[in-house]
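Protein chains in written order, with our numbering: chain G, 54 to 488; chain E, 5 to 531.
Everything hinted at is true.
Derived DMTMM-like pairs: lysine to aspartate or glutamate, alpha-carbon spacing no greater than 20 Å straight-line: (1) G/K170 with G/D218; (2) G/K329 with G/D347; (3) E/K313 with G/D291; (4) E/K447 with E/E310; (5) E/K446 with E/E310; (6) G/K408 with E/D169; (7) G/K268 with G/D390; (8) E/K446 with E/D309; (9) G/K268 with G/D382; (10) E/K447 with G/D291; (11) E/K403 with E/D291; (12) G/K329 with E/E172; (13) E/K194 with G/D291; (14) G/K329 with G/D339; (15) G/K329 with E/D169; (16) G/K282 with G/E346; (17) E/K194 with E/E310; (18) G/K408 with E/E172; (19) G/K434 with G/E369; (20) E/K313 with E/E185; (21) G/K136 with G/D184.
These are calculated hints, taken from the structure and not from any lab test.
Since the model is a prediction, treat every value here as computed from it, not as a measurement.
Given next are the chains, with one letter for each unit.
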Amino acid sequence: MMGSRAGWRRRAAVLLLVAVSLSAVLATPAAAASAAADSGEAGRAAEQHSERISGSAGDVLEDNPVGRLKVFIYDLPRKYNKKMVTNDPRCLNHMFAAEIFMHRFLLSSAVRTLNPKEADWFYTPVYTTCDLTPAGLPLPFKSPRVMRSAIQYISNKWPFWNRTDGADHFFVVPHDFGACFHYQEEKAIERGILPLLRRATLVQTFGQENHVCLKEGSIIIPPYAPPQKMQAHFIPPDTPRSIFVYFRGLFYDTGNDPEGGYYARGARASLWENFKNNPLFDISTDHPPTYYEDMQRAVFCLCPLGWAPWSPRLVEAVVFGCIPVIIADDIVLPFADAIPWEEIGVFVEEKDVPKLDTILTSMSIEDILRKQRLLANPSMKQAMLFPQPAQPRDTFHQILNGLARKLPHPEGVYLQPGEKHLNWTAGPVGDLKAW
Amino acid sequence: MMKSLLPQSQLRRAAAAGRSSGGGAASGGADGAGSDGGAGGRAPAASTFWFLLHALCCLVSLFLGFRFSRLLFFLLFSTSELYSTSSSSSAVLRATTTTTTTTTTTTTTTNTFTLSFAATSNPPPSTLANHTALDSAAAGTSGHTQSHVVVGRHGIRIRPWPHPDPVEVMRAHRIMERVQEEQRRWYGVKEPRQVLVVTPTYSRAFQALHLTGLLHSLRNVPYPLTWIVVEAGGTTNATASLLARSGLTIVHIPFPDRMPHDWADRHATENRMRLHSLRVIRERKMDGVIVFADDSNVHSMELFDEVQKVQWMGAVSVGILAHTGAADQPRLSEEDKQNMPLPVQGPACNSSGQLAGWHTFNSLPFTGKTATVVGEAAPVLPRGLEWAGFVLNSRMLWKEAEGKPDWVKDLDAVGENGEEVENPLILLNDPSSVEPLGNCGKKVLLWWLRVEARADSKFPQGWVIEPPLEVVVPAKRTPWPETTAEHSSELLNTKQDQEDRRLSRTNRSSRSRSTTKRKGGVQGQEN
Chain G
54 MMGSRAGWRR RAAVLLLVAV SLSAVLATPA AAASAAADSG EAGRAAEQHS
104 ERISGSAGDV LEDNPVGRLK VFIYDLPRKY NKKMVTNDPR CLNHMFAAEI
154 FMHRFLLSSA VRTLNPKEAD WFYTPVYTTC DLTPAGLPLP FKSPRVMRSA
204 IQYISNKWPF WNRTDGADHF FVVPHDFGAC FHYQEEKAIE RGILPLLRRA
254 TLVQTFGQEN HVCLKEGSII IPPYAPPQKM QAHFIPPDTP RSIFVYFRGL
304 FYDTGNDPEG GYYARGARAS LWENFKNNPL FDISTDHPPT YYEDMQRAVF
354 CLCPLGWAPW SPRLVEAVVF GCIPVIIADD IVLPFADAIP WEEIGVFVEE
404 KDVPKLDTIL TSMSIEDILR KQRLLANPSM KQAMLFPQPA QPRDTFHQIL
454 NGLARKLPHP EGVYLQPGEK HLNWTAGPVG DLKAW
Chain E
5 MMKSLLPQSQ LRRAAAAGRS SGGGAASGGA DGAGSDGGAG GRAPAASTFW
55 FLLHALCCLV SLFLGFRFSR LLFFLLFSTS ELYSTSSSSS AVLRATTTTT
105 TTTTTTTTTT NTFTLSFAAT SNPPPSTLAN HTALDSAAAG TSGHTQSHVV
155 VGRHGIRIRP WPHPDPVEVM RAHRIMERVQ EEQRRWYGVK EPRQVLVVTP
205 TYSRAFQALH LTGLLHSLRN VPYPLTWIVV EAGGTTNATA SLLARSGLTI
255 VHIPFPDRMP HDWADRHATE NRMRLHSLRV IRERKMDGVI VFADDSNVHS
305 MELFDEVQKV QWMGAVSVGI LAHTGAADQP RLSEEDKQNM PLPVQGPACN
355 SSGQLAGWHT FNSLPFTGKT ATVVGEAAPV LPRGLEWAGF VLNSRMLWKE
405 AEGKPDWVKD LDAVGENGEE VENPLILLND PSSVEPLGNC GKKVLLWWLR
455 VEARADSKFP QGWVIEPPLE VVVPAKRTPW PETTAEHSSE LLNTKQDQED
505 RRLSRTNRSS RSRSTTKRKG GVQGQEN
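Please construct the entire structure, taking both the sequences and the accompanying hints into account.
Next comes the structure, spelled out in structure tokens:
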């Protein structure tokens, strides 16, 4: 296994060299000369217009997790998972559907083991984001109680939770602020991460440095975006990209923040005020039916924060090959150890939004072309998607890779006799009620 | 304070109405953050007073147009107390600073003001918090390194001149050009072949018009191109200089015969000129795709992308623009209009994408009314299938080329006996092996048009005026006839004021606008 990986690395290095030399050659203006060079080396390089991606953990995006870890799935009563979906099937389509699809993937995955004694990780399939309002927004008010009830169940029925106080368990919490279980940032910060989850590994979409709701060792994942819907809107890749900057969404949230300045920390409003008159910026609050097609015709797609720093726009930009411009201070992006986001996207601080046009137009063309090549890598697009059924190198596999990278468990995981870390009565009184 | 439910996820898409109706909690009214935080700790007796004050402030805000809240009273009447660290006052300050920020261009000073006050109050600050919330939040985050990202209300940064900078716009366009070039390189044609454009032409009034248009089209073709111009009556300096200015690779070939004035003869001569250029291509062993671009036709850029796909001989759909040029249009009955076929010439495919036949231009409606002499004001029609709709691989003409198929005749065997070479199908033994291009002929990639001036119309040689023209009207007066007295007096006044010819031109254009307006008015009255 290690030997093949080393060989793979060598091949990767050769390919990188070829790609670098190709890009040097292609930079010369003579089209005929470069065309000859292309045809000559096209045979050697498999995909000359995409580049290999390797992040801080190395070239791990294409790893196969099977055989590297074993996951045991607790068998919870229906009320924790299946019953919720039956009551409201809209949970399968909204952007928090990752928790449901992860469960379904694990049930039939090769990493699943039915013998908990040999498991490295334990998964609790509780859907905390499936209590929807009539409009389809998830209510987080009962989620702490649901989670608490699930943990009480597994700690009573199996010995594995108490063995480690949850340190080798993982939970998928895709809500706005992860396991803080609130949609409003102040309230989420006030609540903090659920005390019972202090030792567990959290798989969540929210990521912001030095934030209460991001625990160390969490795995950040992209939000769920329906892959079939996106794939139905592909246009021919030789359609020229003629939009410079593209964005569709709200700039002011007049219903909840009428004065402005609160929503998106004022960044979206600043975008609008500075660039509404700029023909290079195709930004508006429209919801056109050609949204996906337009993204494929744009060079840069803005991904500013909203009420929370993450959004499915990042996934859409990556899938459609549009360079994401991320405007969210201190954000932590999905799989940050496997994907070198600084090389793929453009990071703009919120205070620099008025200078966004200067920043984007002063980027060197080689940078831009390199980012497009990285985005064209099919592994990159695959890593952001949740296809059903699961395919190699998709988000499900990247989550398992992330969990595998955390193995073997460090020394403090197994509790000494008499050692206890969790406080079962911590948190607001309302959370202690049974569910 | 109660807010309507607002997970950021839905906010991008849901309408405001949907959001507020969806939430179970009551949404706050126009009043925002701090005021309710302040109201929380008040005694009930005083709360009615505050409520009335709040109502008064709302009414005042209605008139004023910006939010005039009781928080302003705090600011006005208790400036000395601002420096004491009570959460409500810091909230007050933040709210008021925001009001000013949003209505005017932002100031960084305002922002630092906000943040500095945040530093004095208990970190991390939050406008909505009451005391207990702050304490617990402070306790919760005491273990973390302080993040510089602050929750709460921020100013909206607007730069002093929020308009595009022209230099940056040009840079952006250059970036997009390069990106599109790379796209073409990655996803477009892998090995672009040279395009050989064959154009028969001759010296006449409209030659410069047609050649200039074709020249600009060819300059935009992204592939290496050679323009083979065959000129009837020998090469002329005027044509040569026009071609030399184009910046393209030119092969300028003289053709000994003069172009006749009769359309039928002109078509025949053009065909012979094209055959002549094909012989030249064969002699010089030029390699590439041959496109027959007549000088008065109009070509789309997709045509040149499509022709790269041709193997030996391809056909594209040509739109036929047979303009009548006459003032009276023949009245067509409804059924005529229904039966009128599309003015398109080109290949027709069967359902499996194979060439099944040809679509030709129906000239029945025009019988008897077509032009015979060049320059006559009557429709000019194409014959059968035009050369312009065919594309050849130049290797097809070579004496020896590898892979040359058997169904291609030798070029020498064609046109020897002076027979009419109507279209390049004559070069083939088996016309069914022509490849249909442009989505099997569904896409019209070029338009065929014949527009000419009268054969005897004069035009300056090379469009350079030599000797200078004689004076028709002296410069002090415009050369148009006077219309009405009042109009002309207006004009004379304006002319006397401005001697600058540029300004008189704008007068001219405004005047012509007004004349057309009047004409429209007159017609309206007649109706």
